[in-house]
Amino acid sequence: MDWAEKYRPRHLREMIGNREALRQMSDWAARWTTDSPPLILYGKPGIGKTSSAWALANDMNWEVVELNASDQRTKAVIERVAGGSASTGSLTGALRKLVILDEADNIQGTADRGGARAIVDVIRQARQPLILIANDLYGVDSAIRNLCTKVQFKALPAKSLVPRLKEICTLEERTCSIQAINDIAEQAGGDVRSAVTMLYASAIGKDTVGEDDVSISAKDSRASIFDLVAATLGYRQVPSLLDMSMSVDETPDTILQWLEGNLGVSPDRKKTAKAYAALSRADIYLGYTFRNQYYTLWRYATSVMLFGVHDVMKGRPSGYAKIMPPSRWRQMSGAKKQKNLRERLLTDLGTSMHMSSSSVRSLYFCPVSLLARESPEKFARKYSLDPESLDILINDPVTAKSIVKSIEDERKQIEKELKKRQKEEETKAKKARASKKEKKPEAQEAASIESLTAGDRAEPVKEVETKDPAEKDKKSSQSTLFSF
Numbered sequence: 000m001d002w003a004e005k006y007r008p009r010h011l012r013e014m015i016g017n018r019e020a021l022r023q024m025s026d027w028a029a030r031w032t033t034d035s036p037p038l039i040l041y042g043k044p045g046i047g048k049t050s051s052a053w054a055l056a057n058d059m060n061w062e063v064v065e066l067n068a069s070d071q072r073t074k075a076v077i078e079r080v081a082g083g084s085a086s087t088g089s090l091t092g093a094l095r096k097l098v099i100l101d102e103a104d105n106i107q108g109t110a111d112r113g114g115a116r117a118i119v120d121v122i123r124q125a126r127q128p129l130i131l132i133a134n135d136l137y138g139v140d141s142a143i144r145n146l147c148t149k150v151q152f153k154a155l156p157a158k159s160l161v162p163r164l165k166e167i168c169t170l171e172e173r174t175c176s177i178q179a180i181n182d183i184a185e186q187a188g189g190d191v192r193s194a195v196t197m198l199y200a201s202a203i204g205k206d207t208v209g210e211d212d213v214s215i216s217a218k219d220s221r222a223s224i225f226d227l228v229a230a231t232l233g234y235r236q237v238p239s240l241l242d243m244s245m246s247v248d249e250t251p252d253t254i255l256q257w258l259e260g261n262l263g264v265s266p267d268r269k270k271t272a273k274a275y276a277a278l279s280r281a282d283i284y285l286g287y288t289f290r291n292q293y294y295t296l297w298r299y300a301t302s303v304m305l306f307g308v309h310d311v312m313k314g315r316p317s318g319y320a321k322i323m324p325p326s327r328w329r330q331m332s333g334a335k336k337q338k339n340l341r342e343r344l345l346t347d348l349g350t351s352m353h354m355s356s357s358s359v360r361s362l363y364f365c366p367v368s369l370l371a372r373e374s375p376e377k378f379a380r381k382y383s384l385d386p387e388s389l390d391i392l393i394n395d396p397v398t399a400k401s402i403v404k405s406i407e408d409e410r411k412q413i414e415k416e417l418k419k420r421q422k423e424e425e426t427k428a429k430k431a432r433a434s435k436k437e438k439k440p441e442a443q444e445a446a447s448i449e450s451l452t453a454g455d456r457a458e459p460v461k462e463v464e465t466k467d468p469a470e471k472d473k474k475s476s477q478s479t480l481f482s483f
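According to numbering that gives the first Met the number 0, the stretch in the sequence shown is residues 0 to 483, in order.
Read the hints as simulated data drawn from the structure, not as lab findings.
Do not take every clue at face value.
[What the hints assert, rightly or not] Each computed EDC-like pair below joins lysine to aspartate or glutamate, with the alpha-carbon atoms no more than 20 Å apart: (1) 411 <-> 34; (2) 158 <-> 185; (3) 313 <-> 259; (4) 43 <-> 4; (5) 422 <-> 34.
Construct the entire structure; sequences and hints are all you get.
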């Protein structure tokens, strides 16, 4: 059995590091009510986000329902699985069900159409605890992110991993040198899962693990695009930019867009112009690559963009660099979001008006917009519109947001009153049952007393003379004149 799974923490007290995050999770679970917002755990892979969620469920005696990146994240699937689990109770006797939605920052593409909106609906209607897990907090849709309490998990220092690795070696009865354990902890880069996996790979078929064994099974470390951009712009010193680019899971054309999007942070315009010239030359190679399908040119494009930009930008002091995704992506994402909102609104209107969305767009969208501006609250209630959809109709984001908020507050108030009324009815029913139980013995006692009193008043019953059966048998067996 893989050691990473075998020694996965079962309780929060067994987790390594991130004590503040674990405390937040524990407090949230202890005080959880149906009005509590869900948690979103974010941080780099392998630092214990999913394990801590399972450990929390185990500590609280909660059943777990998990969706991960391998699931088809369509709207229907999320509403059926996560939505049903979040609004219904458990059949196994557990007090509650914890719904874990892993890789919440991976809800995108055609397989996940409507997924983000479905999660928003699940969050608003959930009656069970809900935890979302993401590697990149800002990869999560903002509508989801704003409804959650954010809990950050940080990479663990190497010295925090060493005791855990020593403990595993002791439990597995393996002898590991101190240098080997330190090397594994350093190479893991704060990733607990990778550290345990590396130790397992090094110890297969061996009773003793030395430094040479670790170097053979060294971690296939992957750098992030943020690390590569920071190193190229001169914020970090690395042995080889090309080696780092090979470990980044991005294509050269994507790397070029990241570099282009972050060159504007340089205050020196001459250097910025030279850097853009290097990117322009690299883009020529990329054009040849895509036109001729000759991907060998990728290496030249990568070399030109990395070394060209780095040669211009080098010499700046190392430190923190605010690396952001290309602004073009954000603009495209906003345009795509608006298009999706518009299409969804047209579909809803077409369904209500019994016509196609294209007919609504070409013939009725303007009249409907005029009607919506006259009575926006009515439209928001009838079609269950969110602020963005209502804004498309009335072209007033402030009014749209306030109207939807008032409707949402009214809905919550009605739910509170219904819950209060339900509790009052349950309390009355309990009191009625208790009162009924108290009255039942009194009624039985009164009935028995009455029966005894009635028995005393009744006339004495005459005794009927009964004959002994033995005497009767004796008499029947007496001799007669005809007996011989």
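Inset, instruction - Kindly indicate which numbered hints from before are broken by the structure, ordering the numbers from low to high. - result: Hint check: nothing fails, all pass.
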